[in-house]
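Peer 1: If you want the building blocks of each chain, they are given just below.
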Amino acid sequence: MTRHIDRQIGNLKEKIRRVGTVVEEAISKSISAVINRDVQLAQRVLANDEAIDRMEVEVEEECLKILALYQPVAADLRFVVAVLKINNDLERMGDLAKNIAKRVAQLEGAGPVDLPPEIRTMAMQAEEMVRECLAAVIDGDPVLARRIREQDDVVDEARQKVRRRILAGIKEHPENVEVLLRINSITKHIERIADMATNVAEDVIYMVEGDIVRHRPEE
Amino acid sequence: MSNSPSPADPRQSPPSAGPATDRLAVVAAGGQVEPEVHERVRQTPAVLEIDRFNLWYGTKQALHSITMPIPHGKVTALIGPSGCGKSTLLRSVNRLNDLVPSVRITGEMRLNGDPIYDQRMDVIELRKRMGMVFQRPNPFPMSIYENVVYALRIDGESRRVVLDEVCERSLRGAALWDEVKDRLGESALGLSGGQQQRLCIARAIAAEPEVLLLDEPCSALDPIATGKVEDLIQELRGLYSVLIVTHNMQQASRSSDYTAFMYLGRLIEYGPTTDIFTKPVLRETEAYVTGRFG
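So the protein sequences, as listed, match chains A and B. With the first letter of the first sequence counted as 1, position 130 gets the number 130 in this note's numbering; the numbers rise by one all the way through. With the first letter of the second sequence counted as 1, position 250 gets the number 1250 in this note's numbering; the numbers rise by one all the way through.
The hints are all genuine.
Keeping only pairs whose Cα atoms sit at most 35 Å apart, straight-line, the calculated DSBU-like set for lysine-lysine is:
#	chain 1	residue 1	chain 2	residue 2
1	B	K1279	B	K1060
2	A	K171	A	K188
3	A	K85	B	K1279
4	A	K171	A	K29
5	A	K15	A	K188
6	B	K1181	B	K1128
7	B	K1279	A	K65
8	B	K1279	A	K15
9	A	K29	A	K98
10	B	K1228	A	K65
11	A	K29	A	K102
12	A	K161	A	K98
If you want the ones that stay clear, here's a sample from chain B, every Cβ over 12 Å from chain A, calculated:
#	residue
13	A1029
14	R1095
15	P1101
16	D1118
17	A1175
18	Q1195
Note that these hints are calculated values from the structure, not bench results. By construction, the Cβ of each residue, glycine as well, lies at the ideal position given by its N, Cα and C atoms.
All chains, full assembly: derive it from the sequences and hints.
Peer 2: Below is the structure:
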């Protein structure tokens, strides 16, 4: 017999999957807009942010409804609480994508400054983390979630390299300082996206195993 | 059905190995499983120790080698589907099952170290050391006052000042004093169901029992009266050691410190209530508390 709460949780899962898909697309487009200096694509990311915000509120309302009406316990409770937090993180990832898209518009007409090559690697890695963390949510996969935690270090390292390169660039060509700072800010946003994906992965571990691994070094 | 969970559904794969029905299948086939007793239960000093306790009604075994300490000064809830033996276990603690002719037991129970089933144990004396409250409130057909001091009276206490003091303290302890203090001489049968049940708790604690046994104390009460009795159980924490049988899982989660899950006469998992209801170790417990079976 299907429990009534199973249907509610099934719906919730479908909703959070949809938020994930839209956010993933926003991140991927914003990064592609940076690399290709594609202002139109960036504009589309900006225009779509409102939809993400709306979906976030909807998921939150759904979670609150299940908590109030069904008083879930154990795995059901952990699922709803994890979704509540993941939802929040996804919305913030959407905001970061929006911030990246804004910088693209500001880079327009800034002159031919080359992007540090590590940005591409870093962006690809971050995008993969986002994709994988969403898969971990949907499949309830703690093994995948643990792997995502490890990948975050790679992104952090790349970010340091980019930062050093930008500092050197500013010293060499002080006239480019404004555009270089914008590029720096883009890499910071990409790094934050990877951090959020790590948070989501940690919530997946809690959801499946009941252990809060945040603020704990990886085993 | 389109909404049925996929095989990879996170809620279907808690940490322990094997499908949810494994242990339950073993138990259903008459086998024995090692119970999962959390470390924190073992670490708390026990008021009551149940030690490899078995009980048969005629040829039917109702309890299978139950071993569990009941922590001192805490509220411990017994949960499990109908027929799991939780009431039988509770009634074994004060030897109420002695009254059932076909009952046979093996194993031990100790109340503060004293063997409950020892031949030299005086059952009347034993029951004085425990209070018991049943599903249906059972006030005696006498005044509220006389109900509360009944145990002291039959024990020979007749000093008015002592009886008055115990009456007030017990009624306060049972959160009933303010509602009845002006009509202590009236019949207890005129009280509402919830008040009658709190009166029974007052009567039980008047004798200062070492353990308070509550057998589904709210199942005959409406939600408001249930809420009051649950509040009272919260108040009793720390003052009394309480063992409560409940078929209402939310009641167990709200009012107890420790929860033991039983199934077909076996102890399955026993741990702090917060752990049992947020991250039980066994899939079987998970399935029961989330309402997947039982």
